[in-house]
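A.B. asks: So the chains spell out like this:
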Amino acid sequence: MVSQPPNNTAKEHWKHWRWTFLFAVSALLILFAPLPLPGAAPADRHIRIEASMFQFTPGELKINPGDRVTVELVSTDVVHGFSLDGYNFELKADPGQTATGIFVADKAGDFRFRCSVACGNLHPFMIGKLRVGPNFLLARGIGLGLLAVIVALWPLRKPSTHRLRSRP
Amino acid sequence: MTRLDLTCFPWAKTLLRSRWPQFLLRAITLAGFVFTILAGLFGSVVGSHNFAIIFVWIAWWTALKLFFIPFGGRSWCSICPIPMPGEWLQHGGILQPRGKGIGLDRRWPHFLKGSWLQAGGFLLVGLFGAVTLTSASVTAVVLLAIIVLALVLSLVFERRSFCNYLCPIGGFTGLYAQAGPVEVRVKDADVCAGHSEKTCYSACPWGQYPLALKSSANCGLCMECLRVCPTDNIAVNLRPWGSDLGPKTKHRLDEAFLGLVMLASALVDSAVFLGPWGQLKSAAYAIGSLPWLLFAGVFLVAALGVLPGLYAAAAWAAGRLGPSKTTLQNALAHYSQVLVPLGLMAWIAFTISFAFTKFSYVLAVVSDPLGWGWNLIGMSGTAWVGQATSFSLLLQIVLLAVGLFWASRVARRITESARPAMPLIAFSGIFSLGMLWLLIG
Chain Z
-3 MVSQPPNNTA KEHWKHWRWT FLFAVSALLI LFAPLPLPGA APADRHIRIE ASMFQFTPGE
57 LKINPGDRVT VELVSTDVVH GFSLDGYNFE LKADPGQTAT GIFVADKAGD FRFRCSVACG
117 NLHPFMIGKL RVGPNFLLAR GIGLGLLAVI VALWPLRKPS THRLRSRP
Chain V
54 MTRLDLTCFP WAKTLLRSRW PQFLLRAITL AGFVFTILAG LFGSVVGSHN FAIIFVWIAW
114 WTALKLFFIP FGGRSWCSIC PIPMPGEWLQ HGGILQPRGK GIGLDRRWPH FLKGSWLQAG
174 GFLLVGLFGA VTLTSASVTA VVLLAIIVLA LVLSLVFERR SFCNYLCPIG GFTGLYAQAG
234 PVEVRVKDAD VCAGHSEKTC YSACPWGQYP LALKSSANCG LCMECLRVCP TDNIAVNLRP
294 WGSDLGPKTK HRLDEAFLGL VMLASALVDS AVFLGPWGQL KSAAYAIGSL PWLLFAGVFL
354 VAALGVLPGL YAAAAWAAGR LGPSKTTLQN ALAHYSQVLV PLGLMAWIAF TISFAFTKFS
414 YVLAVVSDPL GWGWNLIGMS GTAWVGQATS FSLLLQIVLL AVGLFWASRV ARRITESARP
474 AMPLIAFSGI FSLGMLWLLI G
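Which chain is which? The protein sequence lines are Z and V, in order.
This note's numbering puts the first residue of the first sequence at -3, with every later residue one more than the last.
This note's numbering puts the first residue of the second sequence at 54, with every later residue one more than the last.
Chain Z on its own, in the form it takes in the complex (with noise of 0.2 Å):
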């Protein structure tokens, strides 16, 4: 058995994976690779959110990153509770009356907020949406899907290619 010498052997192995290769970095760098946020002025923001069985009022809310919050909760029916997702933000409102906190968005993406405090049947699912500065997440999940129907399609690039050698 005539043995291979190890340089052949390593372009073999990089022939064979390199695509492999180039698709998972690919994958990691749409899913990792810093993107630059647009450069809007930190402002102070002041939002009343409203909240009742089983909804925020607004249930979306945009800002930009660095901006100062502050965020006045007011219950219209039963105790409702203020959770951010991200932030070590929460408040509490009791019925009729007015919850006020100060937090910083100091990081940038989607937050959901939720209730914090049992209100009834669908409390669980009292949900809302706080966006600091574009939906890069979103952005990343497209380039993702995109990357991950070329690399399905890949094989079917093969045969052309071979066709394409083998022509005198």
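Note that these hints are calculated values from the structure, not bench results.
Remember, predicted model here, so these are calculated numbers, not experimental data.
The beta-carbon is built from N, C-alpha and C at its ideal position, and this holds for glycine as well.
Please note that the accuracy of each hint is not assured.
[What the hints assert, rightly or not] Taking beta-carbon pairs under 10 Å as the criterion, some of the chain Z residues facing chain V (in silico):
(1) 28
(2) 53
(3) 86
(4) 108
(5) 113
(6) 118
(7) 121
(8) 144
For chain Z, the structure is supplied; the task is to place chain V on it using the hints.
C.D. replies: Frame of chain Z, contents of chain V only:
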């Protein structure tokens, strides 16, 4: 393709052949099922403090989608307690093989065969889900109704007719078990051909003949065929994921319908339970009101009109672009394989978003299952509001991308070229984008 037959390992074979290990597991699940009904009826009305809500809709529903189906296909069906009482009566004993017991043993009506009723059942789960998933007493009544229905049907019809044709969860697990890594098959087809008694078919509660099994959709992994085979010719294989999906496998129109209902349900559940639209939640909850009728109308239009319409257009285009022209009905059935990985991964992504934030409730209700202020294991106060982490969001993106990759790969394999695969991939892409927007957007 590579297979690993578990019966090659003596300890695994002993475990699978004996009825005792399976009986013990089923006895535990039956006890849990009865306790869940009691907790739902007599426990706290606050869902997050009631064992029925937390164990059924968070612990079990999560385990089914994250563990049982992806790693065991229909393995849940092999320990499901729902058909047990009916089967005991049918078999005339608790550890008996299928035999002469009580019951009319009638055949299930031919016009009701297939997955149509299971898909209808899943639509009902979606329509009434906001109440069923959040009210402990309603959950208990639904579970009680299901076990009584299964019992009554087993006294009238042969074998596991309820599981085969009516159980929505059976439809769900059966559909996605095609992508699962477990199968029961014969070792040597010639041995079966020479065996005239067909003891495996007679013993199978699911009415399957192992020699004819080409898909794991309708095999409940009960192992009865393994136990009664006189020639030790049954294999329990570990196999690559998605082995039942390919150009040569046969699929029916009702599978396509079931797959589409599952996709629509994943979209609607994501919007209702995870979205920021309070009015939608209230509408889904207020059964019988005008907002609920509007919600039900939109849900049914999406599940029975929009999604099937888009899929039909994709299947028609794929059929037209393919080398061999086929009827639309055949195209709808054959290409429905694409819906399997797409739906499975979408449900897993949905579950990650749902279960990761609510899992802290599980230990709390073990400590205080009825919400009566008990503290059995000292953890009744450990439940917290929960939050989605950046890891869980990234994981959902990856899962949806895997679903799209897998569906595109299946489309490529069953159409055998890029052009006819493209409409199916476009359909899969639109669905994945919708899920992505609902979960991440």
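A.B. asks: Next step is simple, just say for each hint if it's right about the structure.
C.D. replies: Verification of the supplied hints:
1. 28: holds, 9 Å
2. 53: holds, 7 Å
3. 86: holds, 8 Å
4. 108: holds, 6 Å
5. 113: Where the cut-off is 10 Å and the nearest Cβ of chain V is about 9 Å from residue 113 of chain Z, the hint holds.
6. 118: Holds. Min distance 5 Å.
7. 121: Constraint on residue 121 of chain Z satisfied, holds at 5 Å.
8. 144: holds, 4 Å
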